[in-house]
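Input sequences plus hints: build the corresponding full structure.
Protein chains: 2
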Amino acid sequence: MNSNKHKSENTSSPSSLKVQGGIEQPSSLNPHAVKRYRGMRSALLDVDEYLNGIRNKDITILSKAITLVESSLPAHQTIARELIQACLPFAGNSIRIGITGVPGAGKSTFIEAFGLHLLDKGRRLAVLAIDPSSSRSKGSILGDKTRMEELSSRTDAYIRPSPSAGSLGGVARKTRETIILCEAAGYDTVFVETVGVGQSETAVHSMVDFFLLLMISGAGDELQGIKRGIMEMADAIAVNKADGDNKTKAEFAQRQIKNALHLFPPTESGWIPEVKTCSALTHDGIAEVWEMTERYFNFVKQKSYFSHKRQQQTWQIMLEFIDARLHERFYNKTAIKQALTNYKAKLQNGQISPYQAGTELLEIFDKL
Amino acid sequence: MNSNKHKSENTSSPSSLKVQGGIEQPSSLNPHAVKRYRGMRSALLDVDEYLNGIRNKDITILSKAITLVESSLPAHQTIARELIQACLPFAGNSIRIGITGVPGAGKSTFIEAFGLHLLDKGRRLAVLAIDPSSSRSKGSILGDKTRMEELSSRTDAYIRPSPSAGSLGGVARKTRETIILCEAAGYDTVFVETVGVGQSETAVHSMVDFFLLLMISGAGDELQGIKRGIMEMADAIAVNKADGDNKTKAEFAQRQIKNALHLFPPTESGWIPEVKTCSALTHDGIAEVWEMTERYFNFVKQKSYFSHKRQQQTWQIMLEFIDARLHERFYNKTAIKQALTNYKAKLQNGQISPYQAGTELLEIFDKL
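As you go down the protein sequences, you meet chains V and Z in turn. If you count the first sequence from 1, position 324 lands on 333 in my numbering, and the numbers rise without skipping. If you count the second sequence from 1, position 209 lands on 218 in my numbering, and the numbers rise without skipping.
Think of the hints as simulated: they come from the structure by calculation, not from any bench. Fair warning: this is a prediction, and the values are worked out from it, not measured in the lab. Some clues are possibly wrong.
Identical copies carry no separate label here, and so any pair may be met within one copy or between two of them.
Unchecked claim - Straight line, CA to CA, 25 Å or less: simulated SDA-like cross-link-like pairs of lysine to any residue:
id, residue 1, residue 2
1, LYS346, ARG64
2, LYS318, GLU369
3, LYS353, LEU128
4, LYS353, HIS336
5, LYS376, THR343
6, LYS353, ASP165
7, LYS312, ARG132
8, LYS256, ASP332
9, LYS346, ASP375
10, LYS346, ALA333
11, LYS342, ASN268
12, LYS312, ASN65
13, LYS310, LEU335
14, LYS342, HIS214
15, LYS342, SER81
16, LYS355, GLN86
17, LYS318, SER162
18, LYS342, GLN321
19, LYS355, ARG64
20, LYS130, LYS376
Here it is, written out as C-alpha cells:
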C-alpha cells in the first residue's frame with residue numbers, strides 16, 4: 010500500500026473528513042454532505058486498501074471507512090458491505106461498554122477520566138456515540154471535544170461522534186458496523202455513549218457487553234430525564250460528581266440506589282448490578298469503576314455468558330433487520346399508505362377491531 | 010330470540026362448556042378439544058343469536074361466544090370475527106385493570122376480596138386470565154375456584170380462566186376479544202390476571218388501562234420471581250398479606266418500595282404510582298386500593314389520557330398484528346427454514362454480519 014497516495018487523498022478530501030486532534034467530524038446524511046460525498050467519489054479506495062489501512066491502524070483510513078459505512082449512497086454501501094465482511098475475521102476481540110446518563114451527569118468528563126485510566130492500563134480505546142433523535146449541533150460536538158481534550162490528543166484513543174441524522178435502526182446499524190471496523194483496527198475497548206433520554210438505550214444495550222448508567226446525587230429532578238426501564242438494563246451504576254460538598258450526598262444516593270436495586274431480580278447473567286461513587290473531576294473512584302468492570306467481564310467470561318450474549322445479539326439483530334425490511338416494504342406501498350388513513354379513523358371511532366383492520370390491510374397488500 | 014332453544018343447546022353441549030358456579034372451564038386447543046368442537050358444530054348459533062344473548066347478559070351464550078373466539082377452527086373464526094365486529098359498538102365502556110404478582114402473593118384471594126368490594130359498589134365484574142406459557146393444570150383452576158368461591162357464586166361476576174395453550178400473540182388476541190365480548194355483555198369492570206413471571210405482563214399492559222402489581226413483604230426471595238421491567242410498568246403496587254404478625258413487615262416493604270419508585274421517572278400519563286398495603290384475608294386496605302384505583306381513573310380521564318392510551322393500544326395492536334403476520338409468512342417458507350440453519354452457524358462463527366445474512370435471506374425470499 011502506498012501511504013503517499015493516502016496522504017495526498019487526505020489533503021484533498023472534504024473538510025468533513027479531516028482528522029482534528031483525534032476527533033472525527035461526523036459525516037452527515039443531509040443533502041449538503043451528500044453533495045460533498047459526490048466530490049470524493051474518485052477518492053474512494055478499494056476494499057483491500059481500506060482493510061490494509063485499518064489493520065495497519067491508519068486513523069485516516071479508518072475514519073474514511075466509517076464515513077463510507079455511514080453513507081447512504083448505494084455505491085458506498087456496496088463497498089461498505091464488502092469491507093465489513095472483510096473485517097469480520099479480525100473483529101469481536103474488544104470489550105464493548107455502553108455508557109448512558111442524563112445531560113448534566115458529566116458523561117464526557119467521565120469518559121475522559123475513565124478512558125485515560127484504561128489507556129494507562131495499556132488498553133486502546135474507541136469512543137462512539139449513538140444519538141439518532143437529536144441532530145446534535147456542531148457546538149455540542151465541540152463541547153465534547155473540549156471536555157475530552159486529553160483523551161482526544163492520545164494516539165491510542167479514537168473518538169468518533171455519532172452520525173448526525175437517520176432513523177434509530179439506521180444509526181444503530183452504522184454504530185454496530187463502526188464497532189467492527191474499530192475492532193479490526195485493534196481497539197480492544199469500545200465505549201458506546203448515549204444520552205439516556207430516548208429509545209437509543211435499548212439499541213445500545215443490544216450492541217454492548219456491559220451497560221453502565223451514570224447518575225448524580227439529588228435523586229430529584231436530575232433523574233426525571235431518565236427513561237423508564239433504563240435502570241433495569243444497567244449492569245452497573247456510577248454516581249458521578251462525588252467530590253467536595255457533594256460527596257456525602259453522592260454516598261447517600263448510592264445507598265438509595267442500592268436499596269432500589271435490591272427490589273430488582275438478578276440479571277440474565279446472574280451478575281448482581283453494583284453501585285459505585287466516583288468523581289471524574291478528582292478521579293476518585295475511577296479505578297474502582299474499572300475494577301468492577303473487569304470483575305464483570307471475568308464473571309461473564311467464566312460462565313460463557315459473554316459469548317452466549319454476543320451470539321444472541323447477532324441473531325436478534327438479523328431477525329430485527331429482516332422484520333424491519335418486511336415492515337418497510339409493506340408500509341411503503343402507496344395503496345397501504347392511502348388505506349391506512351381510513352383505517353386509523355375507523356379504529357379511533359371503535360368501528361373496527363385492530364385484528365380485522367390488520368387482516369383487511371394484508372388482503373390489500375396481497376392483491377398488489 | 011328463543012331462549013328455550015338455547016337452553017336445550019346448552020344441555021347438549023360438551024362438558025367443557027358447562028357453566029359451573031360462574032366459573033367457565035377453559036376451552037383448549039389440544040386435539041382432544043378440537044374433536045369435541047366438531048361434535049358441537051351443529052350447535053353453533055348465528056351471529057345475531059350470539060349478539061342478542063350477550064346483550065341480554067346470558068352467561069351461557071357469552072361463554073359459548075368466548076369458546077368460539079378461542080377456537081382455532083376456521084369455521085369458528087369466521088363467525089367469531091363477525092361477532093366481534095357486531096359487539097364493537099357496545100364495547101369499550103369498562104375500566105380494564107391488569108393484576109399481576111408472583112405465585113404466593115395471594116392473587117386469587119386478593120381478586121376475590123377486591124372483586125367483592127367492587128360488586129358492593131354496584132359494579133359488574135369479569136375476571137379473565139392470561140397465561141400462555143404454562144398449560145395450567147386442572148388442579149390449579151380448581152384451586153382458583155376454591156379461592157374465589159364467593160365471587161364465583163355471584164351473578165354480577167363472571168370468571169373465565171385463560172385459554173389453556175397457544176402462543177403469546179394468540180392468547181393475547183383471544184383475551185382482547187374476550188374483553189370486547191364481556192363489555193358488550195355489560196360488565197363495567199374487567200380484571201386481566203397474569204402470573205408475573207413471564208412475557209405476558211407486556212401483553213396485559215397493552216390491553217388494560219391500569220396495571221396493579223401485587224407484592225408481599227420480605228423483599229427477598231419472594232421478589233426474585235418478578236421479571237425485570239414489571240415494576241416500572243405498574244401504576245400501583247399493593248403489598249398484600251398485611252395482617253397479624255406480618256403487618257409491620259408489610260409496612261416496611263411499602264416504605265422500601267416507595268423509596269425505590271422515587272428513583273423512577275413519572276409514567277407517561279403523569280400519574281405517580283402509589284404503594285398501598287392490604288390484606289385479602291381481613292379485607293383491611295382493600296377499600297383504599299379501590300379508592301386509589303378510582304383516583305387514577307379520574308386523573309387519566311380528566312387529562313384525556315384514558316382515551317389517548319386506548320387509541321394508542323388499538324393502533325399498536327394492529328401494527329404488531331401485521332408485523333407478526335409478515336414475520337410468519339417469511340419464516341414459514343421451507344426455503345427460508347432450510348437456509349436459516351446454515352446462516353445461524355455462519356453467524357455463530359462470526360463469518361457473516363447479521364445485516365448481510367438478513368439481506369441474503371431476503372433475496373432468497375424474493376425469488377420464491
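Comparing the hints with the structure gives:
1. For the homomeric pair LYS346 and ARG64, neither the shortest alpha-carbon distance inside one copy (46 Å) nor that between copies (37 Å) is at most 25 Å.
2. In the homo-oligomer, the alpha carbons of LYS318 and GLU369 lie at most 25 Å apart only across protomers (24 Å), although the nearest pairing inside one protomer, at 39 Å, exceeds that limit.
3. In this assembly of identical chains, the alpha carbons of LYS353 and LEU128 never lie at most 25 Å apart, being 54 Å within a copy and 36 Å across copies at closest.
4. Taking the closest pair of Cα atoms, LYS353 and HIS336 come within 25 Å of each other both inside a single copy (17 Å) and across two copies (22 Å).
5. In this assembly of identical chains, LYS376 and THR343 lie within 25 Å of each other by CA distance both inside one copy and across copies; the values are 13 Å within and 23 Å between.
6. In the homo-oligomer, the alpha carbons of LYS353 and ASP165 never lie at most 25 Å apart, since the shortest distance is 54 Å inside one protomer and 35 Å across protomers.
7. When the C-alpha separation of LYS312 and ARG132 is checked against a cutoff of 25 Å, the pair qualifies only within one copy, where the shortest distance is 24 Å, while the shortest distance between copies is 53 Å.
8. Proximity of LYS256 to ASP332 under the C-alpha cut-off of 25 Å is found in neither arrangement, the shortest distances being 48 Å within a copy and 50 Å between copies.
9. Proximity of LYS346 to ASP375 under the C-alpha cut-off of 25 Å is found in both arrangements, the shortest distances being 14 Å within a copy and 22 Å between copies.
10. For the identical chains of this complex, LYS346 and ALA333 are neighbours both inside a copy (17 Å) and across copies (19 Å), given an alpha-carbon limit of 25 Å.
11. When the C-alpha separation of LYS342 and ASN268 is checked against a cutoff of 25 Å, the pair qualifies neither within a copy, at 51 Å, nor between copies, at 50 Å.
12. When the C-alpha separation of LYS312 and ASN65 is checked against a cutoff of 25 Å, the pair qualifies neither within a copy, at 34 Å, nor between copies, at 60 Å.
13. For a Cα distance limit of 25 Å, the shortest separation of LYS310 from LEU335 qualifies neither inside one copy, at 36 Å, nor across copies, at 37 Å.
14. Taking identical chains as interchangeable, the C-alpha atoms of LYS342 and HIS214 are never at most 25 Å apart, the minima being 32 Å within one chain and 31 Å between chains.
15. Proximity of LYS342 to SER81 under the C-alpha cut-off of 25 Å is restricted to the intra-copy arrangement: shortest distance 21 Å within a copy versus 31 Å between copies.
16. Taking identical chains as interchangeable, the C-alpha atoms of LYS355 and GLN86 lie at most 25 Å apart only when they sit on different chains, with a minimum of 22 Å there against 41 Å within one chain.
17. For the homomeric pair LYS318 and SER162, neither the shortest alpha-carbon distance inside one copy (34 Å) nor that between copies (50 Å) is at most 25 Å.
18. In this assembly of identical chains, the alpha carbons of LYS342 and GLN321 lie at most 25 Å apart only when taken from different copies (23 Å versus 32 Å within one copy).
19. In the homo-oligomer, the alpha carbons of LYS355 and ARG64 lie at most 25 Å apart only across protomers (23 Å), although the nearest pairing inside one protomer, at 57 Å, exceeds that limit.
20. Taking CA atoms no more than 25 Å apart as the test, LYS130 paired with LYS376 passes in neither setting, with 62 Å inside one copy and 52 Å between copies.
The structure fails to meet hints 1, 3, 6, 8, 11, 12, 13, 14, 17 and 20 from the earlier list, while all remaining hints are met.
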